[in-house]
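Chains S and Z, in that order, are what the protein sequence lines are. Numbered per UniProt numbering, the first sequence finishes at 339, counting up by one with no gaps. Numbered per UniProt numbering, the second sequence finishes at 85, counting up by one with no gaps.
One or more hints might be untrue.
To be verified - The following label-pair restraints were derived from C-beta to C-beta distances: (1) 17(Z) with 188(S): 32 to 40 Å; (2) 20(Z) with 32(S): 26 to 34 Å; (3) 178(S) with 27(Z): 39 to 47 Å; (4) 238(S) with 15(Z): 52 to 60 Å; (5) 21(Z) with 303(S): 31 to 39 Å.
To be clear, the hints were calculated from the coordinates, so they are not data collected in a lab. Nothing here was measured: the structure is a model prediction, and the numbers come from that model. Where is the CB? At the ideal position from N, CA and C, for every residue including glycine.
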Amino acid sequence: MKPCYIYSAVSISAQHTFDSGLGLLEPLALQPNKVNAHHPLYKSYIPPAALRRMATGVKMGVTAGKKALENANIIQPDAIVIGTGMGCIEDTETFLNAIIKNDEAYLTPTAFIQSTHNTVGAQIALGLQCKAYNNTYVHGALSFESALLDGLLQVEDDSASTVLVGGLDELGKEFIDYIDLIEDKNEGITVPFSEGASFFVLGAIKQQHAVQLKAIKTFSALTLENVRSVFMAFLKENACPPETIDALILGHNGSKYDHYYTEAASCFPKTTVQLKYKQCIGEYFTASAFGLYLGVTLLKNQDLPSLLTCGDTPKKPLKISIIYNQYNGRDHSLILLSL
Amino acid sequence: MSNLKQELKENIIELLNLEEFSVEDINDNDALFGDGLGLDSIDALELMVMLDKDYGIKLTDPKEGKEIFQSIAVLAEYIEKNRTK
Numbered sequence: 001m002k003p004c005y006i007y008s009a010v011s012i013s014a015q016h017t018f019d020s021g022l023g024l025l026e027p028l029a030l031q032p033n034k035v036n037a038h039h040p041l042y043k044s045y046i047p048p049a050a051l052r053r054m055a056t057g058v059k060m061g062v063t064a065g066k067k068a069l070e071n072a073n074i075i076q077p078d079a080i081v082i083g084t085g086m087g088c089i090e091d092t093e094t095f096l097n098a099i100i101k102n103d104e105a106y107l108t109p110t111a112f113i114q115s116t117h118n119t120v121g122a123q124i125a126l127g128l129q130c131k132a133y134n135n136t137y138v139h140g141a142l143s144f145e146s147a148l149l150d151g152l153l154q155v156e157d158d159s160a161s162t163v164l165v166g167g168l169d170e171l172g173k174e175f176i177d178y179i180d181l182i183e184d185k186n187e188g189i190t191v192p193f194s195e196g197a198s199f200f201v202l203g204a205i206k207q208q209h210a211v212q213l214k215a216i217k218t219f220s221a222l223t224l225e226n227v228r229s230v231f232m233a234f235l236k237e238n239a240c241p242p243e244t245i246d247a248l249i250l251g252h253n254g255s256k257y258d259h260y261y262t263e264a265a266s267c268f269p270k271t272t273v274q275l276k277y278k279q280c281i282g283e284y285f286t287a288s289a290f291g292l293y294l295g296v297t298l299l300k301n302q303d304l305p306s307l308l309t310c311g312d313t314p315k316k317p318l319k320i321s322i323i324y325n326q327y328n329g330r331d332h333s334l335i336l337l338s339l
Numbered sequence: 001m002s003n004l005k006q007e008l009k010e011n012i013i014e015l016l017n018l019e020e021f022s023v024e025d026i027n028d029n030d031a032l033f034g035d036g037l038g039l040d041s042i043d044a045l046e047l048m049v050m051l052d053k054d055y056g057i058k059l060t061d062p063k064e065g066k067e068i069f070q071s072i073a074v075l076a077e078y079i080e081k082n083r084t085k
């Protein structure tokens, strides 16, 4: 079984991460309840004829994917694997609303064609003329992890030398407001709903300062009582005792389910630095892809953004980190990285 | 007729997200497809839906579309003659 390394990591988020990395992070305002991504100049990456048809998520995904490939010096990946919780909700809303408005008489083609969940993977492949394996996973808050697991397995069993893996979600215009309306105002998510795209190139050949993707574990359901045993089993499987973990990246979103993170953090000694990121990028089904971007970036650059760090001053160098995410007590994921 | 041409230019820019173009950039006799505005077959479908929805014109023969969508001037003339709303 081959090792799997992360050659590049790129993120479009509610912060300036696409242009400036983690350098200019600031907390998101809690009002309004949704926050758009900070969008780069897409026409620098996408031809105008294609760009004019693309909804926000497609632009984010194609651009982040393209830059991730550029940063890894890869022209054609052996596989393109995408994870998205909501898919192209913006175009879905557009064509469904058009059907209602036009009394089911007229269906305009563009929004309909681009409303499918696999549009981003397809557009990346079309741009590259890449006929390799192309798959999109849609599994709620485990969508990105499912894509990442697919990429990891392909590299490990030598089915692919390089894999482009991405997680993305767009806010859309309407549906997210209904989600916000039904959110429990007392115990629900307090960080704004948001959008973003984080893309990675995986490969089997070790490069200088390459971060290794060691393992992924996912659980659809997990009780609070089982968190500790799950973490301990995960660490044991990967021969990493708790004291060897330098950074723990957690997906707190302000809901009553944040106590899962408290329980997870209790498995580690004080020397393990804890980071929280959703106060800066918001919540969406594939927000954990930003967690991975954060994990890769901090191991590569050895730079801990103070805005994300909680607890004691961390020890350096940082060599091993775990990213833990869950959504409303479901869809738990653990990702292990090492330098 | 000039009002209709203006309306068509505005609608096409909005419908097809031609962000690079303004109404002034489109001449009445510019080719809509190919070297002109650079529209393609998906845009042709959008225009056919627009003709049906806004002017009550149903195009059933694709060859007919090729003739009608030559330019704003040709399209406006066709609409003027055939519109039902």
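These are the hints, each one checked on the structure:
Separated by about 36 Å at the C-beta atoms, residue 17(Z) and residue 188(S) satisfy the suggested range of 32 to 40 Å. The hinted range of 26 to 34 Å is satisfied by residue 20(Z) and residue 32(S), whose Cβ atoms lie roughly 31 Å apart. Checking the proposed 39 to 47 Å range against residue 178(S) and residue 27(Z) shows it holds: the Cβ atoms sit about 45 Å from each other. With their beta carbons about 54 Å apart, residue 238(S) and residue 15(Z) fall inside the hinted range of 52 to 60 Å.
Judged by the Cβ atoms, the range 31 to 39 Å given for residue 21(Z) and residue 303(S) is violated: they are separated by roughly 44 Å.
In summary, the structure is inconsistent with hint 5 from the numbered list given earlier, while agreeing with all the others.
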